[in-house]
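**Student:** Sequence:
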Amino acid sequence: MGTPFLLLARLAPEARGLWLGTNVALLPFHHPLRIAEEALAVDTLSGGRCIFGVGQGYTPSEFEAFGIPRQDRGAIFTEALTIIKGLFRGESVTFEGKHYRVKNASLPWKPVRPGGPPIWIGAQTPRGVRRAARMADAFAGGVHTPYHKLLEFSNIYRDSLKALGKDPLHAELSAMRSVFIDEDGNKARERALAWARRGYKIIVDWDHPLHRAGVTLDDYATASLAGQPDEIVSQLERYRDEVRATWVICSFEEAGLGAEGLDASLSLFSRKVMVHLEEGRAS
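The numbering used here puts the sequence shown at residues 7 to 289.
No lab work stands behind these hints, which were simulated from the structure alone. Heads up, a few of these hints could be off.
What the hints assert, rightly or not - Using 27 Å as the maximum straight-line C-alpha spacing, the simulated DSSO-like pairs for lysine-lysine come out as follows: (1) 207 with 193; (2) 207 with 91; (3) 193 with 172; (4) 91 with 172; (5) 278 with 193; (6) 91 with 104; (7) 91 with 116.
Said to hold, decoys possible - Each pair of labels, with its calculated beta carbon distance range: (8) 219 with 283: 29 to 35 Å; (9) 173 with 53: 25 to 31 Å; (10) 257 with 81: 29 to 35 Å; (11) 204 with 116: 31 to 37 Å; (12) 72 with 50: 38 to 44 Å; (13) 200 with 107: 28 to 34 Å; (14) 22 with 240: 29 to 35 Å; (15) 265 with 81: 40 to 46 Å; (16) 173 with 116: 22 to 28 Å; (17) 77 with 219: 18 to 24 Å; (18) 121 with 213: 23 to 29 Å; (19) 80 with 170: 16 to 22 Å.
These figures come from a predicted structure and were not determined experimentally. For every residue, glycine included, the Cβ atom is placed at its ideal position computed from N, Cα and C.
Given only the sequences and the hints, what does the whole structure look like? Please build it.
**Tutor:** Right under this line is the structure:
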């Protein structure tokens, strides 16, 4: 989506008490002044519950469409985020870089919290994870990342925080997972395997870093949560206890499921997974 914060601004009045954020917006495709202003608008409308999740992008066709040299994405990302951090601090920003030049730039309103919305950085490589430790408030694990790679990235992230003199014990880390839930666990796993085959073809066709890192179809299949409600609960507990994820972002989008099937999945998850997790948190 090209302007995600516009949608989040519309949702803010209807989502009282919920966090609203991007997971992730591809920063090289957004001017830092504009996207910072949009994010702070959502931050204001939501009462300080905006998460600024960003990544540097990967897909060659997207960079071609925007006319941006793909090899420059790291430098563009770093310059943009440097400007945005200053704006989030409420400063008047002057910056002279290779890709961006701004003079005495400021935003018309101040962030709700000091420092502005928390910044999450998505990454699919060890280098990207270290960048998140250096530049962000949280590492955002992607929907394509298999379980064993997410576990590896979690350890790299915490080791990097420690090396930087930051607190690894209270590190924020998210994992985005596609969820396939059914009272018949076999049906859920069949749907998850069909999803994995489609997704794996994408990372092969893109020559994605995960594919180049040796991720197989069987590995890729572990990037989802699949099964009966009690199995989903157990899988979520693994992310909490082993990956030490502080957030698990659940996606129920599924090709061919339809509105009725989506509603059924969400209802089952709410009744038999969320309730269990809420009870566990209360105890």
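**Student:** Go through the numbered hints given earlier and state which of them the structure violates, listing their numbers in rising order.
**Tutor:** 2, 3, 11, 12, 13, 18
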